[in-house]
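Participant: Chain by chain, the residues run as shown.
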Amino acid sequence: MVWDLLVYKPNAIIMFKNYFKIAWRNIVRHKGYSIINISGLSVGIAACLLIFVVLQFEISFNTNFPGYKNIYHFVTSQMQDDGMAYNPGTSPPAIDALRNDFPQVKFAALNSNYGSQLTVGGANSTNSANDRKFTEKVGVFFMEPQFFDIFKTEWLSGNNAVLSQPNMVVIDKSTAIKYFGDWKEVVGKTLKMDNVLTLKVAGVIADAPSNSDFPLKVLVSYITWKQHPKDYGYANSWDNISSNNQIFVQLPANLSVENLTKKFVPFTKKYLEAKGGKTTRVHILQPLNELHFDTRVGNTLGDHLTSKSTLRTLSFIAILIIVMASINFINLSTAQSVGRSKEVGIRKVLGSSRKQLIIQVIGETALIVIFSIILAIGLAEIALPFLKNIANVPEDIGLFNMGSILFLLVTMVVVILLSGIYPALVVSGFKPVLAIKNKITAASIGGIPLRRALVVAQFAIAQLLIIGTLVAVNQMNFVNEADLGFNKNAVLILPGYTDSISLSKLDAFKQQLLQMPGVKGVSFSSDAPSSDNNWGQNFYYNHSDKEFTYPTFLKYGDADYFKTFGMKFAAGHGYEQSDTARAAVVNETFIHKLDIQKAEQAIGKDIKLGSGKWIPIVGVVKDFKTNSLRDAIKPIVITARKKVESQAAVKIETKNLKATVSDIQQTWEATYPEYAYNGYFLDENIAKFYQQENQLALVYKIFAIIAIFISWLGLYGLVSFMAVQRTKEVGVRKVLGASVFSIVFLFSKEFMILILISFVIAMPAAWYMMNKWLQNFAYRIPLTAGVFVLAIVTSSGIAWITVGYKAVKAALVNPVKSLRSE
Amino acid sequence: MLSLQHISKFYQVGGNKNFVINDISLEVEEGEFISIMGPSGSGKSTLLNIIGMLDEPSTGFHYFVDQPVHQLKEKQRAALYKQYIGFVFQAYHLIDELTVYENIETPLIYQDVKGSERKAMVADMLDRFNIVGKKDLFPAQLSGGQQQLVGIARALIAKPKVLLADEPTGNLNSKQGEEIMELFRKLNKEDGVTIIQVTHSEKNAEYGSRIINLLDGRVESSKKL
Numbered sequence: 001m002v003w004d005l006l007v008y009k010p011n012a013i014i015m016f017k018n019y020f021k022i023a024w025r026n027i028v029r030h031k032g033y034s035i036i037n038i039s040g041l042s043v044g045i046a047a048c049l050l051i052f053v054v055l056q057f058e059i060s061f062n063t064n065f066p067g068y069k070n071i072y073h074f075v076t077s078q079m080q081d082d083g084m085a086y087n088p089g090t091s092p093p094a095i096d097a098l099r100n101d102f103p104q105v106k107f108a109a110l111n112s113n114y115g116s117q118l119t120v121g122g123a124n125s126t127n128s129a130n131d132r133k134f135t136e137k138v139g140v141f142f143m144e145p146q147f148f149d150i151f152k153t154e155w156l157s158g159n160n161a162v163l164s165q166p167n168m169v170v171i172d173k174s175t176a177i178k179y180f181g182d183w184k185e186v187v188g189k190t191l192k193m194d195n196v197l198t199l200k201v202a203g204v205i206a207d208a209p210s211n212s213d214f215p216l217k218v219l220v221s222y223i224t225w226k227q228h229p230k231d232y233g234y235a236n237s238w239d240n241i242s243s244n245n246q247i248f249v250q251l252p253a254n255l256s257v258e259n260l261t262k263k264f265v266p267f268t269k270k271y272l273e274a275k276g277g278k279t280t281r282v283h284i285l286q287p288l289n290e291l292h293f294d295t296r297v298g299n300t301l302g303d304h305l306t307s308k309s310t311l312r313t314l315s316f317i318a319i320l321i322i323v324m325a326s327i328n329f330i331n332l333s334t335a336q337s338v339g340r341s342k343e344v345g346i347r348k349v350l351g352s353s354r355k356q357l358i359i360q361v362i363g364e365t366a367l368i369v370i371f372s373i374i375l376a377i378g379l380a381e382i383a384l385p386f387l388k389n390i391a392n393v394p395e396d397i398g399l400f401n402m403g404s405i406l407f408l409l410v411t412m413v414v415v416i417l418l419s420g421i422y423p424a425l426v427v428s429g430f431k432p433v434l435a436i437k438n439k440i441t442a443a444s445i446g447g448i449p450l451r452r453a454l455v456v457a458q459f460a461i462a463q464l465l466i467i468g469t470l471v472a473v474n475q476m477n478f479v480n481e482a483d484l485g486f487n488k489n490a491v492l493i494l495p496g497y498t499d500s501i502s503l504s505k506l507d508a509f510k511q512q513l514l515q516m517p518g519v520k521g522v523s524f525s526s527d528a529p530s531s532d533n534n535w536g537q538n539f540y541y542n543h544s545d546k547e548f549t550y551p552t553f554l555k556y557g558d559a560d561y562f563k564t565f566g567m568k569f570a571a572g573h574g575y576e577q578s579d580t581a582r583a584a585v586v587n588e589t590f591i592h593k594l595d596i597q598k599a600e601q602a603i604g605k606d607i608k609l610g611s612g613k614w615i616p617i618v619g620v621v622k623d624f625k626t627n628s629l630r631d632a633i634k635p636i637v638i639t640a641r642k643k644v645e646s647q648a649a650v651k652i653e654t655k656n657l658k659a660t661v662s663d664i665q666q667t668w669e670a671t672y673p674e675y676a677y678n679g680y681f682l683d684e685n686i687a688k689f690y691q692q693e694n695q696l697a698l699v700y701k702i703f704a705i706i707a708i709f710i711s712w713l714g715l716y717g718l719v720s721f722m723a724v725q726r727t728k729e730v731g732v733r734k735v736l737g738a739s740v741f742s743i744v745f746l747f748s749k750e751f752m753i754l755i756l757i758s759f760v761i762a763m764p765a766a767w768y769m770m771n772k773w774l775q776n777f778a779y780r781i782p783l784t785a786g787v788f789v790l791a792i793v794t795s796s797g798i799a800w801i802t803v804g805y806k807a808v809k810a811a812l813v814n815p816v817k818s819l820r821s822e
Numbered sequence: 001m002l003s004l005q006h007i008s009k010f011y012q013v014g015g016n017k018n019f020v021i022n023d024i025s026l027e028v029e030e031g032e033f034i035s036i037m038g039p040s041g042s043g044k045s046t047l048l049n050i051i052g053m054l055d056e057p058s059t060g061f062h063y064f065v066d067q068p069v070h071q072l073k074e075k076q077r078a079a080l081y082k083q084y085i086g087f088v089f090q091a092y093h094l095i096d097e098l099t100v101y102e103n104i105e106t107p108l109i110y111q112d113v114k115g116s117e118r119k120a121m122v123a124d125m126l127d128r129f130n131i132v133g134k135k136d137l138f139p140a141q142l143s144g145g146q147q148q149l150v151g152i153a154r155a156l157i158a159k160p161k162v163l164l165a166d167e168p169t170g171n172l173n174s175k176q177g178e179e180i181m182e183l184f185r186k187l188n189k190e191d192g193v194t195i196i197q198v199t200h201s202e203k204n205a206e207y208g209s210r211i212i213n214l215l216d217g218r219v220e221s222s223k224k225l
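The listed protein sequences derive, respectively, from chains A and B.
With this note's numbering applied, the first sequence corresponds to residues 1 to 822, in that order.
With this note's numbering applied, the second sequence corresponds to residues 1 to 225, in that order.
No lab work stands behind these hints, which were simulated from the structure alone.
Check the hints yourself; a few may be wrong.
As the list claims (entries may be wrong) - Derived pair list, reagent style DSBU-like, types lysine-lysine, alpha-carbon separation capped at 35 Å:
no.	chain 1	residue 1	chain 2	residue 2
1	A	K17	B	K134
2	A	K308	A	K688
3	A	K431	B	K114
4	B	K75	A	K608
5	B	K73	A	K431
6	A	K342	B	K75
7	A	K21	B	K119
8	B	K189	A	K342
9	A	K31	B	K119
10	B	K175	A	K605
11	B	K17	A	K17
12	B	K73	A	K269
Claimed, not checked - If you want the ones that stay clear, here's a sample from chain B, every Cβ over 12 Å from chain A, calculated:
no.	residue
13	N18
14	E30
15	S45
16	L72
17	E179
18	E182
19	K223
Claimed, not checked - Reference listing, derived: stretches of chain B covered by chain A, where coverage requires no fewer than 3 residues with Cβ under 8 Å from a Cβ of chain A:
no.	region
20	78 to 84
21	90 to 97
22	109 to 116
Backbone N, C-alpha and C fix where the C-beta goes; we use that ideal spot for every residue, glycine too.
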């Protein structure tokens with residue numbers, strides 16, 4: 001349409017100029033409507049643009065590696081009581097076995113380390129206090145050289161062959177700069193890891209992109225791991241499956257995933273059942289481009305996973321917001337077109353064709369949309385720095401790239417068509433004779449059912465988001481304030497190390513801490529009562545050799561563990577201080593799973609963990625939340641094992657908290673000069689369990705506010721228009737004796753009905769959506785009527801205020817004035 | 001130039017036909033100046049709209065410059081109309097958002113007149129109507145008489161053969177009305193524009209060369225002056 005205008009008609013440009021002029025003058029003349037249209041649309045587009053940037057970033061994960069479509073992750077799955085359990089890791093012997101059995105396939109193994117300390121020697125080699133210590137949460141790997149045959153990476157210095165020798169380390173450019181100040185001269189320098197390994201820097205690779213699940217920072221040759229089995233838990237056994245020990249696979253062109261996966265069945269049989277055992281272990285291949293989204297497998301090497309459902313929710317919300325903004329547009333433009341009927345009539349009389357009128361109206365829409373998009377880009381730029389609060393995006397994420405510009409163009413075209421075509425058809429269809437005589441009214445242009453449907457849709461979306469917000473915020477409050485069954489407040493956690501020197505200093509360190517006035521208690525343990533550790537073990541009860549179908553979970557702690565965390569006993573008591581497991585404390589879930597009714601009945605019974613000794617149960621603690629509130633409470637055995645009790649938990653008086661913490665840090669640095677201080681508060685750490693959920697709750701909040709804003713704008717615009725249209729009716733009614741209240745009622749009645757209808761649509765949708773979301777939590781709030789009532793009260797309130805204000809204004813006009821114009 | 005044969009326009013109300021125009025036949029020669037008169041509701045404006053192709057008759061035959069209008073498609077009709085007819089209204093019907101200059105220019109844009117030619121034509125028209133000084137004003141800034149002048153200028157800009165005027169002086173005082181009528185006479189005599197006007201005023205009707213009286217959708221009388 002536009003095309004033949006441009007090609008065949010020399011006056012197309014002039015015509016556009018004419019339209020542009022009119023459009024501009026219309027925008028200026030109807031300032032109110034224009035502001036409503038532009039602000040609603042630009043807020044909506046800005047929000048969608050930001051969501052798009054987040055989605056684009058997430059979806060691009062791991063697609064930077066050449067040939068990523070042929071790379072797979074070797075995943076172990078096992079049939080368990082409650083369905084398939086997936087483990088991203090495998091057993092250490094698997095890598096050699098795979099290479100042996102499938103010579104045509106490329107395999108590479110790695111073992112990841114979390115929270116390793118890297119030490120760069122200071123000037124004085126005897127005084128470790130001068131050393132520069134770095135704790136790396138993620139990014140430290142024992143890595144096979146073959147990894148780089150599969151994952152092509154740029155080498156700035158050296159090549160992957162250096163990783164075939166022991167005690168060699170490769171670092172990336174930014175880590176090199178962080179550790180040594182300059183990446184060009186690091187090769188040949190020495191790096192200490194966990195005060196156990198002395199490594200020689202043998203290569204430098206380029207930084208991994210931020211959209212990679214492989215933050216390759218410090219890569220130690222894989223063989224080094226094998227040579228330090230005790231320090232880094234290497235055991236060449238098929239019995240161990242560690243999520244840290246992962247294998248990646250590159251398929252040759254002539255082998256399909258299905259074929260290879262099939263061959264894994266005889267493979268596991270061959271190696272695992274050789275010793276006469278039976279195994280439920282099944283290996284599958286997870287495509288590299290699904291790694292980032294597969295929450296079944298979980299446990300990423302990078303810093304976060306994103307579930308597809310979160311991404312879907314985000315895109316869904318973005319689409320809803322754009323639809324709402326377009327609805328405003330359609331509603332207001334068709335309503336406004338009544339006022340423009342005269343102009344349209346005249347244009348038709350002056351020789352304008354219908355096509356030209358359609359182009360004119362769409363052109364006006366385009367002008368507003370383009371204007372809104374420019375404004376939206378500004379808004380998005382302002383909001384961009386805050387984006388990291390609702391999404392895991394890097395700090396330096398930019399707004400513009402090919403994708404987002406294309407997105408804006410597509411959005412522009414879609415919104416122009418979505419919100420321009422209907423009004424254009426309505427306007428251009430006016431009969432000139434009627435139009436010129438101002439005989440076009442809101443009723444005669446029709447489309448009232450359509451406009452009602454649009455208002456209903458808008459309110460339904462707003463209510464959906466209000467309900468979503470209320471449920472998400474309530475659930476997160478519930479989670480944050482939930483009774484965990486122990487006291488998480490003012491507990492400082494100091495992660496420690498399990499080398500023999502460190503362990504030997506523990507007792508003295510503990511005594512020093514206990515002498516501080518602000519310290520109420522100190523306990524050494526493997527982990528806090530609530531943690532993301534899952535240390536499972538098979539067990540036996542009461543001298544029976546009966547195997548249980550489920551494992552119990554272990555926590556190791558000293559005798560002060562129970563006191564420090566304020567845990568309560570249902571029966572019995574804690575155990576005496578011991579270096580090894582001599583007595584055990586279990587939780588209520590443990591005995592319930594054994595069908596023991598009363599806690600007392602378990603006291604004195606013996607249990608055996610794996611192939612260990614029989615030890616008596618001396619106490620049963622009341623249930624506490626063993627992981628996040630997403631998971632149900634697990635059966636737990638707590639016992640002593642000094643070798644793994646590396647983490648200190650310090651209970652602190654809340655007054656002088658800061659001073660006490662800094663005293664503790666000084667004591668730490670004096671006791672462990674070779675280790676960096678990494679203390680953190682337990683409650684803050686527990687809050688981090690829910691980072692994604694908290695982010696989602698925030699997203700709901702923000703978008704509910706935007707939705708309310710947009711629907712309010714739309715309603716306001718429509719009601720203002722109605723008030724003008726019904727001026728005469730109101731005047732006549734007043735002359736006939738109508739009260740102000742009855743006129744307000746007249747205006748509000750229709751909207752209240754529309755809100756009720758929208759509620760009927762929104763409620764089940766919201767219920768379904770939020771119920772599904774709550775299923776993520778083992779501990780969750782019930783979906784009560786209150787939330788829904790609040791949603792409808794809020795939206796009705798907004799409607800009443802909007803409609804009421806305009807209606808009162810219309811009702812207060814002296815009828816003499818409003819009727820005179822007729 | 002224009003021929004209406006047995007034209008009727010009616011609305012179906014229940015089982016009854018409600019006639020607005022009832023079997024009117026009319027021949028108009030080039031260069032005529034016709035005044036249509038009649039009481040309110042007699043069908044004057046509807047007849048004018050049918051002549052101007054803004055409205056369609058229910059039955060009858062309509063020829064314009066030897067073309068059978070009743071058989072033409074909307075597009076062809078629009079082309080014919082654009083080429084030959086100019087319209088003037090009682091309420092002027094200028095586009096409020098456009099200046100005087102732009103209002104006059106608009107029909108030329110729809111007729112694909114080239115930029116330089118268009119400028120010359122508009123300038124000529126402004127000059128002729130003595131409104132050069134007003135060209136950048138908006139309609140709301142003009143008096144009624146001035147607005148109607150702009151309306152007429154706009155109707156004439158594309159050099160129509162026929163000028164249709166629906167109570168062109170209805171909103172004007174008698175002095176302004178007289179000026180407009182003088183202008184019409186001049187256009188008719190000097191430029192040979194065929195004019196058909198609807199009017200209530202006997203005095204204005206007498207500027208014409210023929211007066212047609214309508215009553216209840218029929219031609220009651222017709223006299224040549």
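Participant: Hint by hint, say whether it matches the structure.
Facilitator: Hints versus structure:
no.: 1; hint: A/K17 <-> B/K134; result: holds, 21 Å
no.: 2; hint: A/K308 <-> A/K688; result: holds, 20 Å
no.: 3; hint: A/K431 <-> B/K114; result: holds, 29 Å
no.: 4; hint: B/K75 <-> A/K608; result: violated, 95 Å
no.: 5; hint: B/K73 <-> A/K431; result: holds, 16 Å
no.: 6; hint: A/K342 <-> B/K75; result: holds, 22 Å
no.: 7; hint: A/K21 <-> B/K119; result: holds, 18 Å
no.: 8; hint: B/K189 <-> A/K342; result: holds, 33 Å
no.: 9; hint: A/K31 <-> B/K119; result: holds, 32 Å
no.: 10; hint: B/K175 <-> A/K605; result: violated, 119 Å
no.: 11; hint: B/K17 <-> A/K17; result: violated, 47 Å
no.: 12; hint: B/K73 <-> A/K269; result: violated, 82 Å
no.: 13; hint: N18; result: holds, 17 Å
no.: 14; hint: E30; result: holds, 21 Å
no.: 15; hint: S45; result: violated, 9 Å
no.: 16; hint: L72; result: holds, 15 Å
no.: 17; hint: E179; result: holds, 23 Å
no.: 18; hint: E182; result: holds, 25 Å
no.: 19; hint: K223; result: holds, 29 Å
no.: 20; hint: 78 to 84; result: holds (count 3)
no.: 21; hint: 90 to 97; result: holds (count 5)
no.: 22; hint: 109 to 116; result: holds (count 7)
In this structure, the earlier hints numbered 4, 10, 11, 12 and 15 are contradicted, and the remaining ones agree with it.
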